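Could you build all of it, start to finish, from the sequences and the hints given here?
Going down the list, the protein sequences come from chains A and B. Going by my numbering, the first residue of the first sequence is number 199, and it counts up by one from there. Going by my numbering, the first residue of the second sequence is number 199, and it counts up by one from there.
Everything labelled a hint here was simulated from the structure, so no lab data went into it.
A pair holds if it fits inside one copy or across any two, identical chains being indistinguishable in the list.
Distance condition first, Cα-Cα at most 25 Å in a straight line; then the derived PhoX-like pairs of lysine-lysine:
(1) K303 / K260
(2) K319 / K281
(3) K260 / K327
(4) K297 / K260
(5) K318 / K360
(6) K327 / K281
As the structure is a prediction and not an experimental result, all values here were calculated from the model.
2 protein chains.
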Amino acid sequence: MNLAQKLGYPENTKLLIIHADDAGLAHSENQATIKALQNGSVNSYSIMTPCAWFFEMATFAKNNPQYDCGIHLTLTCEWENYKFGPVLPISEVSSLVDKNGYFYKTRADFKNNAKPSEIKKELTAQIEKALQFGIQPTHLDSHMCSIGVTPEILEIYKELGKTYNLPVFINRQFVETIRLSDEEYNYENTLLADNLLIGYFADFEKGELQKSYERALDSIKSGFNVFLLHPAFDDSEMQGITINHPNFGSAWRQIDFDFFTSNECKTKLEENKIQLITWRDIQGII
Amino acid sequence: MNLAQKLGYPENTKLLIIHADDAGLAHSENQATIKALQNGSVNSYSIMTPCAWFFEMATFAKNNPQYDCGIHLTLTCEWENYKFGPVLPISEVSSLVDKNGYFYKTRADFKNNAKPSEIKKELTAQIEKALQFGIQPTHLDSHMCSIGVTPEILEIYKELGKTYNLPVFINRQFVETIRLSDEEYNYENTLLADNLLIGYFADFEKGELQKSYERALDSIKSGFNVFLLHPAFDDSEMQGITINHPNFGSAWRQIDFDFFTSNECKTKLEENKIQLITWRDIQGII
Numbered sequence: 199m200n201l202a203q204k205l206g207y208p209e210n211t212k213l214l215i216i217h218a219d220d221a222g223l224a225h226s227e228n229q230a231t232i233k234a235l236q237n238g239s240v241n242s243y244s245i246m247t248p249c250a251w252f253f254e255m256a257t258f259a260k261n262n263p264q265y266d267c268g269i270h271l272t273l274t275c276e277w278e279n280y281k282f283g284p285v286l287p288i289s290e291v292s293s294l295v296d297k298n299g300y301f302y303k304t305r306a307d308f309k310n311n312a313k314p315s316e317i318k319k320e321l322t323a324q325i326e327k328a329l330q331f332g333i334q335p336t337h338l339d340s341h342m343c344s345i346g347v348t349p350e351i352l353e354i355y356k357e358l359g360k361t362y363n364l365p366v367f368i369n370r371q372f373v374e375t376i377r378l379s380d381e382e383y384n385y386e387n388t389l390l391a392d393n394l395l396i397g398y399f400a401d402f403e404k405g406e407l408q409k410s411y412e413r414a415l416d417s418i419k420s421g422f423n424v425f426l427l428h429p430a431f432d433d434s435e436m437q438g439i440t441i442n443h444p445n446f447g448s449a450w451r452q453i454d455f456d457f458f459t460s461n462e463c464k465t466k467l468e469e470n471k472i473q474l475i476t477w478r479d480i481q482g483i484i
Numbered sequence: 199m200n201l202a203q204k205l206g207y208p209e210n211t212k213l214l215i216i217h218a219d220d221a222g223l224a225h226s227e228n229q230a231t232i233k234a235l236q237n238g239s240v241n242s243y244s245i246m247t248p249c250a251w252f253f254e255m256a257t258f259a260k261n262n263p264q265y266d267c268g269i270h271l272t273l274t275c276e277w278e279n280y281k282f283g284p285v286l287p288i289s290e291v292s293s294l295v296d297k298n299g300y301f302y303k304t305r306a307d308f309k310n311n312a313k314p315s316e317i318k319k320e321l322t323a324q325i326e327k328a329l330q331f332g333i334q335p336t337h338l339d340s341h342m343c344s345i346g347v348t349p350e351i352l353e354i355y356k357e358l359g360k361t362y363n364l365p366v367f368i369n370r371q372f373v374e375t376i377r378l379s380d381e382e383y384n385y386e387n388t389l390l391a392d393n394l395l396i397g398y399f400a401d402f403e404k405g406e407l408q409k410s411y412e413r414a415l416d417s418i419k420s421g422f423n424v425f426l427l428h429p430a431f432d433d434s435e436m437q438g439i440t441i442n443h444p445n446f447g448s449a450w451r452q453i454d455f456d457f458f459t460s461n462e463c464k465t466k467l468e469e470n471k472i473q474l475i476t477w478r479d480i481q482g483i484i
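See below:
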């Protein structure tokens with residue numbers, strides 16, 4: 199049986215989770231995520247426990263358990279002026295941080311410095327922080343897919359899913375795109391998302407991000423699809439965070455918000471007979 | 199000799215530092231502070247090392263040593279949804295934090311829980327963090343004047359000033375307004391600011407904050423005056439931080455920014471023959 203059948207749908211169903219990453223990053227990100235859940239087509243999100251606006255989003259999560267809420271496991275910080283680091287004391291996970299005590303900017307620096315034992319310790323602490331706040335997480339995923347840089351590190355991620363009985367988001371193609379190792383990944387007994395739908399910088403640059411999203415929904419395949427977006431407002435806070443980083447920058451995030459709260463998006467989902475599912479549905483059958 | 203004479207001015211000079219608190223708190227606060235230093239009448243500021251936007255402001259401080267930059271020693275977090283805590287591991291300073299690991303909201307909770315040894319350890323770490331970033335601090339001051347709740351705690355603050363050879367901002371009347379102890383404060387051998395100029399909620403509520411600032415400059419006395427303001431923009435980020443807290447809220451902070459970058463303010467300073475000085479000037483003579 200494939201995932202659709204296990205969930206009670208016909209074999210060829212186009213399953214889709216519409217997932218907002220990066221909740222907790224900023225007030226702008228939180229407010230856009232909340233609106234996209236309440237009024238838009240987004241039906242799942244994940245939260246960054248190390249960030250300054252975690253508390254605001256965690257409060258929403260606790261008060262609104264009807265929405266899927268995952269832990270956006272965080273090991274890198276891509277921004278120039280807005281920095282975050284481990285939830286554990288730096289002295290306990292010093293291999294994860296730069297000279298200022300913040301996460302490395304790139305997956306390469308992370309991979310070249312991070313000790314697996316410290317990765318596991320920090321990510322466990324991130325999950326425990328969310329649990330301590332009263333969040334009932336529905337899944338785990340990985341900020342910047344940093345967890346996918348080597349097969350050994352990906353194993354930590356999979357182990358955490360088993361330990362906490364939570365599904366982990368893994369798309370094989372995505373992991374192998376960002377791989378920084380020649381060794382083989384092991385996908386045995388692993389639930390894999392068949393297709394990752396996500397925006398590309400080339401489309402953003404051409405002003406065709408929204409069109410690319412429409413095309414993605416029009417050409418969606420049967421199987422287990424996950425659409426990753428990053429809703430936020432193109433406001434001063436978000437412009438400050440994403441300065442000199444137009445890739446997934448504030449203008450991009452505003453487009454994500456606009457499209458996934460639009461009627462066009464809802465119509466596309468209906469026209470293409472897309473079946474929305476959640477990580478909670480999956481959690482029930484793994 | 200009084201301070202004016204020590205600085206080479208006549209005895210009855212109206213000395214004034216125009217000081218922006220809370221840099222590092224938010225992108226909005228940082229940008230408004232920078233503009234108020236560059237284009238306005240503000241000539242000194244202090245930075246909160248535990249906050250998410252510390253890095254942005256610390257980078258500005260490092261690149262612009264011509265402006266006074268103090269360490270805004272932080273032991274309380276007054277906001278509802280935007281939280282911060284110690285720069286040290288929570289396990290080392292557990293008396294300073296609530297059950298979620300954040301600073302207490304009120305001076306009373308801080309006073310009732312904080313161990314003096316942990317206060318000293320945390321504040322030392324905040325100063326060391328700024329030094330490690332390459333900031334050359336000109337003074338120390340205290341967020342919410344939390345350091346003034348008891349004479350014993352105020353002593354820690356004064357000691358830190360001696361250890362780091364930095365002037366500390368103390369206004370006797372201000373300290374005794376927020377006192378939470380019956381014991382006597384000791385001001386021997388302490389440089390005291392004669393007058394604190396600051397906005398009051400009653401004036402803000404009446405829509406007369408700007409007028410109260412004009413009046414304060416018109417009636418300024420000779421001696422060592424410090425004007426404390428909190429420049430920021432009344433934008434979405436700042437509204438999110440100061441939600442349900444109009445006292446020093448985002449609308450208030452916008453008025454602070456507007457007035458202290460206005461020509462009216464510059465004219466008042468000239469008309470009243472106010473002599474601007476900095477903490478760096480004072481640092482040179484203590």
